[in-house]
Amino acid sequence: MVRLRSTLFPYLMAGPYIALFAVFVAYPVGRALYMSLFDWGIFGPNAFVGLDNYTSLWNDRRFWSSFWITSGFALMYVPMITVISLVLAVMLHRKLPGIGIFRTAFFLPIVINVAVAAIAFNWLFEPNIGTIDKVLAAFGLPGQNLLQIPGWSLFVISLVTLWINVGFMVIILLAGLENIPDELYEAARLDGSTALQDLLLITVPLLRPILLIVVVLSIVQAFQIFGEVLIMTQGGPFGSTTVLTMLLYEEGFERFALGRAAAIGVVITIIIATLSFIQFRFFRREV
Amino acid sequence: MQQRKGANATRWIVLAILAALWFLPLVSLVLFSFAPPSEVLKGGFVPTQWTLDNYVKVLTETQRGVSVPTGIWNSTVIMVLQVAGILLLDVPAAYAFARTKFIGRNVLFALVLVSMMMPGILEVISLYDLMANIGLVNTLWGVILPGLPRVIGIFILRQFFMQVPRELDEAARIDGATDFQVFLKIMVPLALPSIITVTVITALYSWNNFLWPLIVTNTPEAMPVPVVIAYLSADTSAVLNYTLILAAAFVTSLPMILLFLVGQRWIVSGMRPTSGIK
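Protein chains in written order, with my numbering: chain A, 1 to 287; chain B, 1001 to 1278.
Source of the hints: derived by calculation from the structure; they are not laboratory data.
The model shown is predicted, which means the values in this text are computed figures rather than measured ones.
Each hint should be verified, as a subset may be incorrect.
Here are the simulated DSS-like cross-link-like pairs (lysine-lysine), alpha carbons at most 30 Å apart as the crow flies [what the hints assert, rightly or not]:
no., chain 1, residue 1, chain 2, residue 2
1, B, Lys1057, B, Lys1042
2, B, Lys1057, A, Lys134
3, A, Lys134, B, Lys1101
4, B, Lys1185, B, Lys1101
Going by beta-carbon spacing under 7 Å, a handful of chain B positions derived as facing chain A [claimed, not checked]:
no., residue
5, Pro1092
6, Tyr1095
7, Leu1204
8, Pro1226
9, Val1268
Note that beta-carbon positions come from the ideal geometry of N, C-alpha and C, so glycine has one too.
Turn these sequences into a full structure, and let the hints steer you where they fit.
Set out below in structure tokens:
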């Protein structure tokens, strides 16, 4: 009896979690794959179409436009957050008067939801009245709504995403910095190294595994960016911020082409998985 | 030493500028949430007139068909039930993954880890279909249930349970304690700091989660806070309502800002790579 109870014990402990995981994570993922093979409308499947949803995406200009917009976003966002969070982490690592307030400034946005962050930035960039526009005007630049200019709008959205996420990246990097022995910097200083040399020759090489995590996570974030776009630009102006997730949202929840939307979701997943794999494959080995 | 002092001063100035930039969006939002609508047209850095009207309106009236108090109530219910549910599920499951052997354990844990890399957007379409079939669209349960198998708590708690020395439970077992007694009387109290960490970061996630609640709720009665704010903000073309939206944004963020001030330590420890990512 006791032995039976011992054998059952792990199943009783893990069972409820695994059951919910199966229903609300594994099943939806599997079903998304399945739906992507169908012409699936609001009332369910109309016809099995094989890979047609994927081939039609391949031939769809809107899909490619979204793909390049998302890639462009990643190309702005990933280097920006990696460099800025690294610089911030290095500066926040050692004690300074007021360091608690500085940390709070960068960590606080972690608790602000994307809708509020988007509104705060909309307000800052509001033409003629927002603070940013007032600053631009002080430099003699005419009032303009950067969110209404293709190209600029995507950049402003990357700033919001940066604002929200930089604290999280700094926390990860600070944990890594704690593992670099101070003696290394002291020895370097005796040899007359500059702060920049310290950063490039000691910090960056030793932080590589953590920097890799930061890069991979920020790529994942970049290809999943959604809330900021939905609230700030709704994909506009002229479709210039219609990232892949926006396209999925439009196909799925505005046109109810659910099979096609599921296919876009699968494609996003494949892109993220491929990029993450490449990163780990080529950069981790050398560490 | 001389050189180092100069370096510290530079570091301080750079940090101060960046910190000011990082505070700017929220500070501007808060300042103008206390301004009468007419101030919006003047804009700038600081309003010249002040009022509490925005807060009174936002907390007592319905705006554009959605209500901020209803959103706050919904978010509170969702948060309490999700935190309770996640702790009840995660603590035992993480313990099982960390310290017991069962068939399929490693495969299951690998699947759980892989799911962390899955974009949430992949699941929402089929999840919506599923929730529609069981009639949970536009209900709080529809928001709550899919959030329960979140991975992060399992990850943090498993990490903790793995490093508790074996001798502890062996000693208790010699004294005749059952598996469950060892778990409940020895392990759970030991894990309390990790449990608090999971509680805090789950509360944050619950209150701020946007994508899934946006998809599964489209009636004002069921909307949590971020969805309410998104609905209100769709009206920024009417510039005169701006101060109302700012007030709604701030008042609904306040609980999490307070949680941050009290629990910053736990938030940071929950996000460190040693305890888990994401």
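Against the structure, the hints come out as follows:
1. Lys1057/B - Lys1042/B: holds (22 Å)
2. Lys1057/B - Lys134/A: Satisfied, since the Cα-Cα distance of roughly 29 Å is no more than 30 Å.
3. Lys134/A - Lys1101/B: The hint is violated at about 63 Å.
4. Lys1185/B - Lys1101/B: holds (20 Å)
5. Pro1092: holds (4 Å)
6. Tyr1095: OK, holds: Tyr1095/B within 7 Å of chain A, min 6 Å.
7. Leu1204: Since chain A brings a Cβ to about 6 Å from Leu1204/B, closer than 7 Å, the hint holds.
8. Pro1226: Result: holds, 4 Å to nearest chain A Cβ.
9. Val1268: holds (5 Å)
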